[in-house]
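Participant: All chains should be modelled from the sequences, with the hints used to inform the complete structure.
The primary structure of each chain is shown beneath.
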Amino acid sequence: MVVDYAKKIGFDGTILIEPKPQEPSKHQYDYDVGTIYGFLKDFGLEGQVKLNIEQGHAILAGHSFEHELALAGSLGLLGSIDMNRNDYQSGWDTDQFPNSVPETALAYYEVLKAGGFTTGGTNFDSKVRRQSLDPEDLILAHVGGMDVCAAGLKAAARMLEDGKLEAARSERYAGWDKAQDLLGSDLATLAARVESEGIEPQPRSGRQERLENLVNRYL
Amino acid sequence: MRDSRSYFDGIPEIRYEGPESDNDFAFRHYNPEEVILGKTMKDHLRFSVAWWHSFAWPGGDPFGGQTFERPWFGNDMDHAKLKADEAFEMFRILQAPFFAWHDLDIRPEGKTFAESRARLEEIVDYIGQKMEGSGVGCLWGTANMFTHRRWMSGAATNPDPDVFLYAAATVKSCLDATKKLGGAELRPLGRARGV
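Taken in sequence, the protein lines are chains A and B. For the first sequence, full-length UniProt numbering begins at 1 and goes up steadily by one. For the second sequence, full-length UniProt numbering begins at 1 and goes up steadily by one.
For the record, the hints were derived by calculation from the structure and aren't laboratory data. Treat the hints loosely; a few may be bogus.
Unchecked claim - Keeping only pairs whose Cα atoms sit at most 25 Å apart, straight-line, the calculated DSS-like set for lysine-lysine is:
1. A:Lys127 with B:Lys81
2. B:Lys172 with A:Lys8
3. A:Lys113 with B:Lys42
4. B:Lys172 with A:Lys41
5. B:Lys179 with A:Lys7
6. B:Lys179 with A:Lys8
7. A:Lys164 with B:Lys39
8. B:Lys130 with A:Lys127
To be verified - Take a look, some chain A residues computed to stay more than 12 Å from chain B by CB distance:
9. Glu103
10. Arg193
11. Gln202
Ideal Cβ placement from N, Cα and C applies to all residues, glycine included.
Facilitator: Given below as structure tokens:
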């Protein structure tokens, strides 16, 4: 109905849905990016609606912000972001201003990889603490948040330009460049190949810490 | 009579001074016109200030009541316009290019739907005038379908079809307002309140 009415009045913006778990109902169809993708597919709305993804809601759903952004980006659903942070001890959606550059860097890395914002942006769905009474507090909260996002964006751009992280990912999955025919095959054929070719997979390191060290170099 | 001084009086416009600056009221990393990967930081980040948290929230929590005493708190259109005036003063200080809103953040609820809609149209015209020449745009607008008691059992998923009707009319009024302000639209799914 909303999409139809937007077309009728010539609205050229983007219709956005925001994943939001546990506020306060427990069982929801807008729980996270994956759940909303299923909802949109069910109603034939993919391609007509995008997502507004919030850091705090990602955490509340048991995900990291960058995971939700990466999934939305890969599904073509990334519209806009609500930037904030949760309290990591209470786990609750406290909508505080962002203050972690490593977190915003990974978030903007996914935004840049998805092509950046078009109609969307970085909305501060963030509030000062209830003891922060002064006009200066409202201003400085935004100044800090904008700086944390800017520092994260710069780190993300360095990470993307350098290309080492993407190269590591490509190298890890390089075997699949010559193995796409497997996906169109059938189980019996694949099973026969394992025995006839004597396939014995040799595990290789995932290099988790090495990659974490690499990411830290850009911060 | 309205005090002619701004709530933010005395706070300087925030400018980029670089990472070594010792000034609280300066950006250390956000340099709006600096080009990164072919776009300015301003166009990459597209910062937006949220009307609800910064201008409407009274500072309560589940135990404590209101802590903030903003001069624009009040349930009439004069206060709504003062709130808009101060919001644009804050956007100017921060060089914030966008804002986002719910209907309830920018205008007080009326006694009837028609009154609420008329108030929304009036404040949207007022905000539209303030946007002209300011360089500030609307990132998105949305409907608050959770604060008033009518939404206690949800909006689009409410067991009472009258609430669904009211939600439809509310979303239409917000979509019309968002189009007028040139933003994108966020549509919160009507979610059942109560665990």
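Participant: With d taken as the least Cβ-Cβ distance between A:Gln202 and chain B, does d exceed 12 Å?
Facilitator: Consistent with the label, A:Gln202 stays out of reach of chain B, its closest Cβ about 39 Å off (over 12 Å).
Participant: Is the hinted pair A:Lys164 and B:Lys39 satisfied, with a Cα-Cα distance of at most 25 Å?
Facilitator: Holds: A:Lys164 and B:Lys39 sit about 22 Å apart, inside 25 Å.
Participant: Going by Cβ atoms, does A:Glu103 stay more than 12 Å from chain B at every point?
Facilitator: Per Cβ check, A:Glu103 is outside 12 Å of chain B; nearest 15 Å; holds.
Participant: Please work out if B:Lys179 and A:Lys8 have their alpha carbons no farther apart than 25 Å.
Facilitator: 12 Å, holds
Participant: Between the alpha carbons of B:Lys179 and A:Lys7, is the straight-line distance 25 Å or under?
Facilitator: 11 Å, holds
Participant: Mind checking the alpha carbons of A:Lys127 and B:Lys81 for me, to see if they're no more than 25 Å apart?
Facilitator: Holds, at roughly 21 Å.
Participant: Looking at A:Arg193 again, its CB stays over 12 Å from all of chain B?
Facilitator: 44 Å, holds
Participant: Decide if the proposed pair is consistent with the structure: B:Lys172 and A:Lys8, CA atoms, cutoff 25 Å inclusive.
Facilitator: Given pair B:Lys172, A:Lys8 holds - Cα atoms ~11 Å apart, limit 25 Å.
Participant: Compare the distance between the alpha carbons of A:Lys113 and B:Lys42 with 25 Å, and conclude whether the hinted pair is satisfied.
Facilitator: 18 Å, holds
Participant: Mind checking the alpha carbons of B:Lys172 and A:Lys41 for me, to see if they're no more than 25 Å apart?
Facilitator: Distance of about 24 Å is within 25 Å: holds.
Participant: Hey, B:Lys130 versus A:Lys127, does the alpha-carbon distance stay inside 25 Å?
Facilitator: 24 Å, holds
The structure agrees with every numbered hint stated previously.
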